[in-house]
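Need the complex rebuilt from these two chains, each delivered in its own frame; the hints are there to steer you.
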Amino acid sequence: MEFIQFHPTGLYPLGILISEAARGEGAVLLNGPGERFMERYAPTIKDLAARDVVSRAILLEVRAGRGIAGKEYVHLDLSPVGEENIRDKLWEIASFARIYLGIDPVRQPIPVAPTCHYVMGGIPTDADGRVISDESGSVVAGIFAAGECACVFVHGANRLGCNSLLDLLVFGRRAGRAMRDEAPRVQTPASKADPVKAVGEDLADLHERRGQERIDTLRRRMQSLMMDHGSVFRTDAGLNVAIDGIRGLKEQFSRVAILDKGRTFNYELMEAVELRHQLDLCEVILTSALHRKESRGSHFREDFPARDDGAYLKHTLVFDRPSGPEVRYRDVSITRFQPEKRVY
Amino acid sequence: MPVNLKVFRYDPDKGEKPYFRSYQVEAEPSDRLLDCLNRIRWEQDPTLSFRMSCGHGVCGSDGMRINGICGLPCQKLVSVLGAGEVLVEPLPVFRVIKDLVVDLDPFFERYRSLKPYLITGTPVPEKERGQSPEEHGAFADAVRCILCACCTASCPVNQDKETDGYVGPAALVRAFRYLFDSRDDGSSARIDLLDRKEGAWGCRTLWKCTEVCPKQIPVTKEIGRIKKRMYGAKQEKT
Ligand code: SF4
Ligand code: SF4
Ligand code: FES
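Residue numbers (the working numbering), protein chains in the order written: chain A, 1 to 344; chain B, 1001 to 1238.
Excised from the complex, chain B in its bound form (with noise of 0.2 Å):
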């Protein structure tokens, strides 16, 4: 079946505006949309830029804005697309480098400020530092963060001029992660971190970032979780 995509295109280095552009692609309706674009790129327009590499999900490069909301190419299967023409978009929020490329270095650099590894008190055992099933459900969802940017690109609050130095969700997913995880330490130094308006207190649980997550996070939730045991630290506190 033929597929219509309209794509944004953008090329700093040709001096030109971004601009629209149409292309068709025949396709089974088992094919990702990702392919559609490979097949575009391969077949019709090799000056296409987009990031990929996995295909299914696990990598998390190649998220953009697909008919308006943030998600991959590599989970959006061409029958569930509709008959429509189908608007691709890079990420709002970030700089545009080239087409659907944008510049995720301001993302990964708020996501290593809040720490995002294992802290510990106590010296290296000789094993591995042991946890039970039930210990580990505690932040299994967060684990499976593939750190696409879907839900920061998607936030309200990152998207608005005025509040964009919010750290953004998929940065407080993982500083979730590691404060509901049993081994870590570093509780202190996180809630330091995330008690502040560009930390935790930034979301204003507007939903987006857990309507985009294509890994199915819970993340406002999870977001709510890390306001609750900040509360509950100040509690003990005073």
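This is chain A alone, in the form it adopts within the complex (with noise of 0.2 Å):
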């Protein structure tokens, strides 16, 4: 779950999506002195390296101080593709830039910086949807996950654009085809415990709730630490206080105050549910990161930037236990591709 991919060029502030397809038409990265800087971060390919590349070199930019006016973006330049290719080819780039800024792309550069994109981690699957419970790959039966949700190890530390059509297309289809295989097979054990009841006294627990702290509130602390200590650059101190601070949010959530008490469209609730969620698979995401000490595709460690194949060339597999995530690894298989150096 370490590996979290930023896409370079999210429309600055929204972080509304300005896909590859511009730069792939000729769009140019520039920053405050109107430099082509991915020139310096990548000679060959430029403004066409990998996504967490550009994100990199996107805020190594705005650190230096060379965001454009000094602030925390840069610009995307699409003058290069043309009048007639931005209306055929990339009209929703094209209506984004109007739309939200009230720029004309054709003339004005479009403001961008990197924004969250995909997550490559997930949960764990084989090649069939079959969700996995350990190392060992041994198959939980009846239960199947495709689509963002799932990881079946394919992307590695970094998805390549159009992949995720693969999650989609291919794996989602493989695992209904499995499913449907199996579903007259599959032996599932009574449970003895009712799961529907519990997940309903839980639900009925948290709609009751009538403490001080805001959901608001712990979501904006919640995103704080994560876009500070868990994006584009990471380290051992910042992991650590990042950790901390969730689980002190994790605490606080159990003093959480739930004012909407009807049962239709109930948001809040929605909401709460989703926050406790998300709080949990941050601690995941930052203990992912924590234990990896070394750099790769999307996760980048300040204090340990080189890739380390010797100790890291794993996939990591996190436990929930009562004292916190557990992190063990499981082998990757390596077919036709050797892991090579990555040279732009």
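Calculated directly from the structure, the hints in this document are not laboratory data. Warning: the hint list may mix true and false statements.
[As the list claims (entries may be wrong)] Partial pick of chain A residues on the chain B-facing surface, computed with a CB cut under 8 Å: (1) 14; (2) 103; (3) 104; (4) 162; (5) 213; (6) 253; (7) 263; (8) 264; (9) 267; (10) 280; (11) 324; (12) 327; (13) 329; (14) 332.
[Said to hold, decoys possible] A few chain A residues that don't get close to chain B, going by computed Cβ distances all over 10 Å: (15) 50; (16) 212; (17) 266; (18) 326.
Treat the numbers as computed from the prediction; the structure is a model and nothing was measured. Each residue gets a CB set at the ideal place from its N, CA and C atoms; glycine is no exception.
Structure follows, in structure tokens:
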């Protein structure tokens, strides 16, 4: 779960995705002084380098005071694409720039900054969507996952553009077929407890809460902790601060107030449920990131900037324990493509 | 800057009549109306209900009526709303479930009634079914539809009790999308469904749908092309 992809070009400040298609058609990134800075970070493929490389490059420019007007974004200049191509091939991107910034991307550059985009990790599954429960790949009978919630281990530390279609079209289909074939045969052991009742009681308990803490405040704090310490750049010290912070928020969450006592479209209750899951997942992400003392794909540790295949050419698995998340590793099966050094 | 909103409220569980409630929120000119609504819910009144997800005109879940015109609050910036109080109401035509949330089941039922999927008469090929950029261009605008229901809610034919059985522009946009797809073999089945007064002939070319569509789809023109196609199919038969 430590592998969270930041897309380099989110419309600033909303974070709306300006897809790679723009740079694919010839758009370029420019910093405050107007330099095409990707030439320095990736001399051969420049603006088309992998997402993690471009995201880091943008933030390094910003750190060095070379953002636009010294602020925390750079410019994406679409003028090399040409008016006709923008209209025909980048309609949606142009419409976002017009609606949200009131600018015409044919003539004016779009302000962009890295934005959280995709989670490479997820519920571990085999290639047919069967959920697995340990390092040896034991299957949990009758449970399947597919899509971004799942992790089929194909994206490694860094998904390539368009490859989320694999999760949807390929593995979604394979999971569907496996379910069709296995459903008649699966013998799910009868559960002693009534799981639906337990969930109902849990929700009712949450709904009743009349504490002092507000969901909105806790969520904002969680968001800043994750952006400050768990996003594009990570360090041991920062991750520890964030883990402590998230644990504190979990504790505060137990005193949350749900003011809407209604039962119809109660978004406050829904967001409380979401926030509780988010806090758990934040802890999993941060703990996985803390344990991986190397940099690989989307996971970049400033204190360990090199890749360390000897120790960490492995998949992280996290187990829920009463004392907190426990990190273990699973071997990577390498078939046709050996890992190589990444050079641009 | 302060933004004043007057929001439609209705909670059937409380057995009360619908009413309007005024709120004031602080916002930047570059904030979306959706941000203002979220701020109300998060900071002032957690009982306010409305659907939303993507926040940028891609999921189609937050259709509502803003100052009398159907649209997406995620596409309306505070800076373009003007100085006065912003009137926020649920989409017309549909039954209100709570506050700004309406029952869209009938909308999706009608959408599904026009077979919104590819119909083919040939066996599944080894690779995908190909298409030239020109062939795709014939319906590319319609692909942008996010099923937000703003068009159908704004259509005077759907709004009129006498004619509310009309499938509505959103369903027709999707019918157009397949009718003009070079890979689709379902045109006779589609035309059977469209060739009636609840189908494409229900449209009286009043352009309201085209005016409100947040994805700038030429809705009325596409309905017009369906009508032409049906007319052509009839000429061939006779
Ligand atoms: S045609 Fe436009 S207004 Fe109608 S549902 Fe589609 S996107 Fe919404
Ligand atoms: S053009 Fe047709 S579908 Fe669109 S609003 Fe007018 S009558 Fe309704
Ligand atoms: S929130 Fe998704 S379209 Fe407005």
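Hint-by-hint comparison with the structure:
For residue 14 of chain A, the suggested interface contact is upheld, since its CB lies about 7 Å from the closest CB of chain B, less than 8 Å. Checking residue 103 of chain A against chain B: minimum C-beta separation of about 12 Å lies over 8 Å; hint violated. Proximity of residue 104 of chain A to chain B is violated relative to the hint, the smallest CB-CB distance being about 15 Å (cut-off 8 Å). Interface restraint check: residue 162 of chain A against chain B, minimum CB-CB distance 14 Å, threshold 8 Å, status violated.
A distance limit of 8 Å between C-beta atoms decides the matter here; for residue 213 of chain A the minimum to chain B is near 13 Å, and the interface restraint is violated. With a cut of 8 Å, the hint placing residue 253 of chain A at the interface with chain B is violated, because the nearest CB-to-CB distance is about 16 Å. Taken as an interface hint, residue 263 of chain A checks out: its beta carbon lies about 6 Å from the nearest beta carbon of chain B, inside 8 Å. A least Cβ separation of about 5 Å between residue 264 of chain A and chain B falls short of the 8 Å threshold, and the interface hint therefore holds.
For residue 267 of chain A, the shortest C-beta to C-beta distance to chain B is roughly 6 Å, which falls under 8 Å, so the interface hint holds. For the restraint placing residue 280 of chain A at the interface with chain B, the shortest Cβ-Cβ distance is roughly 21 Å, beyond the 8 Å limit, so the hint is violated. For residue 324 of chain A, the suggested interface contact is broken, since its CB lies about 29 Å from the closest CB of chain B, more than 8 Å. Contact between residue 327 of chain A and chain B, as hinted, is not supported at the beta carbon level, the nearest pair being about 32 Å apart and thus beyond 8 Å.
A least Cβ separation of about 35 Å between residue 329 of chain A and chain B goes past the 8 Å threshold, and the interface hint is therefore violated. Interface restraint check for residue 332 of chain A: the shortest CB-CB distance to chain B comes to about 30 Å, outside 8 Å, so the restraint is violated. With 10 Å as the threshold on Cβ separation, the claim that residue 50 of chain A sits away from chain B holds: the shortest Cβ distance comes to roughly 25 Å. Annotated as non-interface, residue 212 of chain A keeps its C-beta farther than 10 Å from every C-beta of chain B; the closest such distance is 15 Å.
Not every C-beta of chain B lies more than 10 Å from that of residue 266 of chain A, the closest at about 8 Å, which undercuts listing it as non-interface. The non-interface label for residue 326 of chain A is consistent with chain B: the shortest C-beta to C-beta separation is roughly 33 Å, beyond 10 Å.
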